[in-house]
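Participant: Chains as they are written, first to last, in our numbering: chain E, 1 to 246; chain L, 1001 to 1477.
Simulated from the structure, these hints should not be mistaken for lab results.
Quick reminder that beta carbons are idealized off the backbone N, C-alpha and C, glycines included.
Hints are not guaranteed to be accurate.
[What the hints assert, rightly or not] From the structure, some residues in chain L lie toward chain E, with a derived Cβ separation under 8 Å:
no., residue
1, Gly1365
2, Gln1366
3, Tyr1371
4, Ser1372
5, Leu1373
6, Met1375
7, Leu1379
8, Arg1383
9, Pro1387
10, Lys1406
11, Ser1409
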Amino acid sequence: MIRVTDLRKRFGNDEILKGITFEIAPQTVLGVIGASGSGKSTLLRCLNGLETIDGGTIECNGVRLEAGLSHAEYRRRVKELRLKVGTVFQHFYLFPHLSVLGNIIEAPVHVLHSPKKTAEAEAFELLDSVGMKQAARRYPGSLSGGELQRVAIARALAMHPALLLLDEPTSALDPRRMNSLRALLRTFVDRGHTMIIISHSIGFLGGVSDNILFMEGGVAVEFGPTGEVLNSPQDPRTKDFLQQAE
Amino acid sequence: MAQKVLRWGADPSGGAPYVFTDPANPDRYIGYEKEMVDALAQAMGRRAEFVPSDWETLVSALQRNSFDVIVNGLEPTGDRAQQILFSKPYYIFQLQLTVRRDDNRINSIDDCKNRIVGTLANTAASRLLEQQGIPLRSYADPVGAYRDLELKRIDAVVMDVPAEAFYARPNTKLRPAGPPFTRGLYVIGLRKGDLALKTEVDAAIDKIIFDGTLENILKKWGLWNDAQVEFQAPIRSGTQSTKVEEYTSTTTTFNWGEALWRLTRAAAVTVLIALGSMVIAVVLGLPLAVGQWKGPAWARAFCTLYVEFFRGTPVLVQLLFLYFGLPVIGIAMPGWLTALVGLGLNYAAYESQVYRASLEAIPNGQWEAAYSLGMSPVLAFRRIIMPQAFRIALPPMTNDFVSLFKDTSVAFAISVWELATAYRELANASGQFLLLGLAVSAFYLAMSLPMAHLARRLERRLSNRTTERLVEQEAPV
C-alpha cells in the first residue's frame, strides 16, 4: 500500500507541492496528469527520495518518511524507501560504461549483495520478459531509445521494488511502441508490481491506469478511478485541462 | 679611440673567494680573481668586463665567443687542451677533504672508498675521485655540497683549498680531515687560435707576479702560502718561466662505454622519479579533486589553496624549497626522494583539476540513477561516476605523464643524477654535446613512446565498447 499525506515541497520561497494526499492499493497503476510546472515531476522525485520533503508523510510498504526527522534518521529512511521504490527516468540514465547485463546486475550485486550468478540468472529472465535478452552483452551506446527504455525497466525491476515510478515513458515512443509498452507494464502489474506513471499522453494512461491524479499548481485537484476522472471530471480545472489535451 | 676590453667569464654563484656577489653590496662582484683580472687588464691596457656564466658550460661559452677568456680557477687538463688554449699558470692549488666535526671514521681520502663524497662537477677533485673509484655526487656550487654534508646526505666533501677556506673553515660543524693534498695549477683559458691574446695575457701574468701585485691580492684574501712563494720565486728572481710539468694534472679520457652505462643508470633514476611522482600525483589528486568539488567549506578552501600554490609557483622553486628549506625544520630527504615527492605534490595539483573537470562532466542523472537503485554516495562514486570520469581523464593524464617525464630534468638543480644532469656533466666533460645529446634524446624517447602507446591502446579499448555512448541516451528518439 502506498499512502501520501499532505506532502509539501518548497524551492526557496516557491511552494511546488502544496499538500498532496492520495492512497493507492497494491497491484494498481496510478497515472499522474497535469500541465508542465504542475509539480508532477517534483512529486515523483519526492517519492524516490531525490528531493527532501518539507512537510507531510510518504508511506510505502512499511517505510514511513516524514518531514521533521533528525538528519541521520531521515537519511536512513530514504535509504529504506529507495529499496522499495524503483525509477525509470525519462532519459533512462543507463550506465554507459557497463554492458546491458552489467547495468542490471550492478545494484543487486553491490547493494543487495546477491551472488553474481543468481543476479545474472535473474537478469536474463527480466531481459527475456522485456524482449531484450539478445542484447545482454551490448553497451547502451549501441541501443535505440525504445531498447534503452526496456533495459531501464529491467534494471529497476531487478531490485524487486514494491513501487515502480515511470517518468514520461511515452515521450520517446511512436504509437505502435506505446501499445507494446502498455502491454508490458500490465504484465508486470499482474506479477505484483504497483506503478505511478507520469505522462502527457492521456490516451496511454487511460489504457494502463486504474486511477488518475490530476495536478495543477502544486495541488492534487482531482483523484479517482480512471474512467470517472477522464470521462466525467468533477472539477472545472480538470475539465479545462482534458479539453485542451484533446 | 675607445679602450679595448677584456671580457672574462666565470661562475659567480657560490664562487667565493674567486669571484662572487659582494654580500654587503649585492650589485657588485668581488673576489681575488676579480681583482687579479682587473690588474691583468690594466697591465694589458684594457678594460676588464665580467660576464657572469655557468661553471659547467664555461668552455662552450668561450667557444661561442660569449667572452674572451676564462678566469675561474681553471685546471689545464688534457681533454680541455683539445678544446681550448691555456695561458701560463698563475696559482698553485691544493685539495682539502672536509667531514662533519663529530665524524671520526674519515681522516683521509683513502677512508672514503665506500662513502659518498661531494664535490664540484668537472673539477680536479671530481676527476681524482673518479680515478680512485670513490662514489661521488657533483654539485653546482660549494654551498650545496657543504650543506648536504652537514645534513648527512653525503659523508665528505673534497674542494679546492680556496673554496674550502672560505666556505667550510668558518663552519663549526665541519672539520678538515687531514692536510691539503695534490698540487695543481690554475690557468686562464682562451679560444684556440687566439695566440695574440695569449701572448698578451702571459706577459701580463708575468708582470703582476714580478711587481708583487698578485702577492698583495692573494695576501689580502688569505691565499698566500709556501706553494705560491715557491712557484713565484723563479719569475720574480729573473725571467725564468714556470715548469708546468712539475704539477699533477688530473686528466681523464672520455670513455663511451662508461658514459652509456652512466646514462643508463641516470635513465633508471629518471624512471624511478617519474613513476614514483606520478603515483603520488594520481593518488593525491583524487582527494584534492573531491575536496574542492563536493567537500565542506574548509576542505574546499584548503584544496583550492593547495592547487593554486602548486600551480602558481615554479616547480624549480618548490624543489629548492623542499631540498634546502625543509632541513631547517629537521626534514632532510635525499635528492632523488625530494624530486619524487616534490614533483608528485606539484603534479597532484594538475591531476586534481583533470579529475575535477572529468567528474563534473558526468551528467547528474548518473548520480540520481545510482541513488534510486539504492546505492550510497560512496558506492555510486566508486562504481558509476569514477569509471566514466576516468575515461574522460585518461588523455589529459597521459599528456601530463609525458610532460612529467621531461620535468624530472629540474632535479638537476638539487644534484640528482638523472638524465639531464648526466647529459650536462658528460657533455661538458667531453665536449660531445651533439652525440651525447642524441643519445640522451633516444633515452627519453625510449621511455615516453611506449608509455604513450600504452595509453593510446587503453583509450581505444575503453572507447571501443561504448561508442556514441551518451548522445543517443540524452536525446531519445
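Participant: Are the hints correct? Go through all of them and say.
Facilitator: Structure-based check of all given hints:
A least Cβ separation of about 4 Å between L:Gly1365 and chain E falls short of the 8 Å threshold, and the interface hint therefore holds. The restraint placing L:Gln1366 at the interface with chain E holds, with a minimum CB-CB distance near 6 Å, inside the 8 Å limit. Interface hint at L:Tyr1371: satisfied, since its Cβ lies 7 Å from the closest Cβ of chain E, which is below the 8 Å cut-off. The beta carbon of L:Ser1372 comes within 4 Å of a beta carbon in chain E, closer than 8 Å, and the hint placing it at the interface holds.
Hint on L:Leu1373 holds. Least Cβ distance to chain E is approximately 4 Å, under the 8 Å limit. Given the 8 Å rule on beta carbons, the hint for L:Met1375 holds: about 6 Å separates it from the nearest Cβ of chain E. Residue-level restraint check for L:Leu1379 holds (minimum Cβ-Cβ distance to chain E is 6 Å; threshold 8 Å). With a least beta-carbon distance of about 6 Å to chain E, the hint placing L:Arg1383 at the interface is held under the 8 Å criterion.
Hint on L:Pro1387 holds. Least Cβ distance to chain E is approximately 5 Å, under the 8 Å limit. Interface restraint check for L:Lys1406: the shortest CB-CB distance to chain E comes to about 32 Å, outside 8 Å, so the restraint is violated. Among the interface hints, the one on L:Ser1409 is violated; its C-beta lies about 37 Å from the nearest C-beta in chain E, farther than the 8 Å criterion.
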